[in-house]
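K.L.:
So the chains spell out like this:
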Amino acid sequence: MVELQLPTAKDENYRYVSLRDVAWTKQDSTTVLKEVLPEDWSSIDADQGLRVLLQGAYAKPQVLEDKDFKGVQLSVEARPVFEKFKDDFFCGLIGEEKTLVVKVPRGFNSKKVLRLSDVVASGVPTTIHRCVIEVAEQVDLVIHNDLSNEKKANDHKSSFVSILHFEIADESRVKFFIDQSLTTSTAFAFRHSAVVGKNSTLSYWGYHKGASRGQHRVECIVAGEGGHSEVKLGVRAQNKDAIDIWAQNYHNVKNTTSDTKVWNVLEDEAIVVFNGNIDIGIEGLYTQAYQSNKNLLLSDKAQVHSMPKLEISTDDVKCSHGATIASLDSDQLFYLQSRGIDGPTSEKILVDAFGYTVLSEIPLGSVRNRYLGDEGDFL
Amino acid sequence: MSKTIFEVKNLEVSVEDKKIVNDLSLSIKAGEVHAIMGRNGSGKTTLANSLMGHPAYTVLAGKVILDGEDITECSPDERAKKRLFLGFQYPVAVPGVSLGNFLRTSLGFVRGEEIPKKELRKLIKSEATALNVPDDFLSRSLNEGFSGGEKKRIETLQMQLLQPKVAIMDETDSGLDIDALKLVAEKINSLRSPDRGILLITHYQRLLEYIKPDQVHVMIKGKIVKSGGASLALDLESRGYDEFAGASNG
Ligand SMILES: Nc1ncnc2c1ncn2[C@@H]1O[C@H](COP(=O)(O)OP(=O)(O)OP(=O)(O)O)[C@@H](O)[C@H]1O
Ligand SMILES: [Mg+2]
Chain A
33 MVELQLPTAK DENYRYVSLR DVAWTKQDST TVLKEVLPED WSSIDADQGL RVLLQGAYAK
93 PQVLEDKDFK GVQLSVEARP VFEKFKDDFF CGLIGEEKTL VVKVPRGFNS KKVLRLSDVV
153 ASGVPTTIHR CVIEVAEQVD LVIHNDLSNE KKANDHKSSF VSILHFEIAD ESRVKFFIDQ
213 SLTTSTAFAF RHSAVVGKNS TLSYWGYHKG ASRGQHRVEC IVAGEGGHSE VKLGVRAQNK
273 DAIDIWAQNY HNVKNTTSDT KVWNVLEDEA IVVFNGNIDI GIEGLYTQAY QSNKNLLLSD
333 KAQVHSMPKL EISTDDVKCS HGATIASLDS DQLFYLQSRG IDGPTSEKIL VDAFGYTVLS
393 EIPLGSVRNR YLGDEGDFL
Chain B
15 MSKTIFEVKN LEVSVEDKKI VNDLSLSIKA GEVHAIMGRN GSGKTTLANS LMGHPAYTVL
75 AGKVILDGED ITECSPDERA KKRLFLGFQY PVAVPGVSLG NFLRTSLGFV RGEEIPKKEL
135 RKLIKSEATA LNVPDDFLSR SLNEGFSGGE KKRIETLQMQ LLQPKVAIMD ETDSGLDIDA
195 LKLVAEKINS LRSPDRGILL ITHYQRLLEY IKPDQVHVMI KGKIVKSGGA SLALDLESRG
255 YDEFAGASNG
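Line order of the protein sequences matches chains A and B. Residues 33 to 411 (the numbering used here) make up the first sequence, in order. Residues 15 to 264 (the numbering used here) make up the second sequence, in order.
Derived from the structure by calculation, the hints contain no laboratory data. Keep in mind that a hint or two might mislead.
[As the list claims (entries may be wrong)] In silico DSS-like links for lysine-lysine, alpha-carbon gap of 27 Å or less:
{"#": "1", "chain 1": "A", "residue 1": "Lys380", "chain 2": "B", "residue 2": "Lys132"}
{"#": "2", "chain 1": "A", "residue 1": "Lys380", "chain 2": "B", "residue 2": "Lys43"}
{"#": "3", "chain 1": "A", "residue 1": "Lys380", "chain 2": "B", "residue 2": "Lys131"}
{"#": "4", "chain 1": "A", "residue 1": "Lys333", "chain 2": "A", "residue 2": "Lys380"}
{"#": "5", "chain 1": "B", "residue 1": "Lys17", "chain 2": "A", "residue 2": "Lys380"}
{"#": "6", "chain 1": "B", "residue 1": "Lys95", "chain 2": "A", "residue 2": "Lys380"}
{"#": "7", "chain 1": "B", "residue 1": "Lys139", "chain 2": "A", "residue 2": "Lys380"}
Sequences are here, hints too, so could you generate the full structure?
P.N.:
See the structure below:
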């Protein structure tokens, strides 16, 4: 049986300087950058990216006008930009060293999905995408960020950095899905963060498949009373993939809630590290914050390090965190097989089912079907 | 004389090093319905699971023969493809797999041919309706959150769709309300035909009023200690298992 492995000492590679500390202590950004990135990420030009994030998030975000900026219109006036994506009201192909600032005006309410489509180019050593999404009051918005180079040739080593910050004002709802299926020769680093205002909700979903190395960080500051953040992440790790997931939630005002769920499926010799943290400051009375991490191990050589953490500095809060590690359920397998479904297919069905909670919520049907086949649309 | 459609020869099964099924033999002729009755824990479900090839149950000795073919070494899916069916006493929940898609996948495998989606949907829906399984159940997760009786109707629906040569129904009647019991019994009866066999595992005479068994077997401690006609079930109902219990001690 596989056991939950907790690292005995903090691995230097996973040292983490939180965005909150940066913002609140106004540390010099260059110092931060050095500490944030492990050395072996040197091929990724995240230095620049992170600086832009900090500027974007904590200096006032600005629209960076640039004559070379191809194909993207920066005002969000519900106008399609690319013909081929005419179903979406906005999308961008974001090149290197550009920051896209999307300003969503007050009261904006779209039934359509805003799609950020990045093409991770193979052969290009590093693709960096930086985006600040400023959401005004009373907005209702669904954003889908499609990252994929799955269909591209597999022979280029490339890395991908996605830096994204949400500033969500009061009384708004934002649903965000980032969907990444990369080739095994790709590495990625995601730094995603959000400040959620009063009575606002951020629902953040992410799914990873492929990529030999990756780090995904999601940080939410639930900054306004009645604010809620919901994070669901799913990871499919194979071969020798090493994936590092961070999910942090900060609560330091009254009556805020958060719910974080991270599902990992590991095969072969894959390694996944999960760092979860719920941090409730002294002002965070009546916070309700939940966090869970479920892992499905399909191989004895796969490893999960799960480190859910709570830091609570006030009373009267409800919190829970936990991690489980399991392999495929033999009774479920038997049930499927007893209905004629062969072993490998039964296993695949169960693995897909494990991630279903994440995948079934992908806002775009076409993308959902990419992973789930016909699942969910039987009728 | 009709041929033997299902035969269990001197079967011995252990679970976690504990012998549960002991030198058990059974022979069902095509067209026949047999019933096994026995106390809780006597090994009925163990027998059913091992007949279907559950890997947790070790077959120490004996043979299972389906329509002349030795299937003792076959995997559960191979057995299903050879048209053996097990209706589970406790169908396991599989969250995240919709009943509809599961049925479709299962049918595809068992029939071994591509059946047009539309046709499949139609078939599944009409059989579901016939068993009072509402349409919206099909998009819910397999066996998750269904009531006991609903799960049994879903098991029966699968039997009906897969049209097995031999169906082993493990306490399919338990948990069903009066109307549902009739309906399920009707479906099992309709499966009854000169080229199929049915093995019912039950605690209740009531089911056997609807489905007249050709033979009733009493199972005590992993062994069949007595076999007889339909009237044996009535005897059991009035007298209990005590008088048979001694038979397995010797
Ligand atoms: N996986 C298992 N591990 C350990 N013991 C088991 C396992 N499966 C069955 N047993 C044991 O084998 C015996 C027979 O169980 P089984 O489920 O076959 O009984 P049954 O006749 O179907 O009973 P019921 O009428 O209650 O359904 C019981 O004592 C049970 O505890
Ligand atoms: Mg039983």
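K.L.:
Next step is simple, just say for each hint if it's right about the structure.
P.N.:
Against the structure, the hints:
no. : hint                 : result
1   : A:Lys380 to B:Lys132 : 24 Å, holds
2   : A:Lys380 to B:Lys43  : 38 Å, violated
3   : A:Lys380 to B:Lys131 : 21 Å, holds
4   : A:Lys333 to A:Lys380 : 19 Å, holds
5   : B:Lys17 to A:Lys380  : 39 Å, violated
6   : B:Lys95 to A:Lys380  : 19 Å, holds
7   : B:Lys139 to A:Lys380 : 25 Å, holds
The structure fails to meet hints 2 and 5 from the earlier list, while all remaining hints are met.
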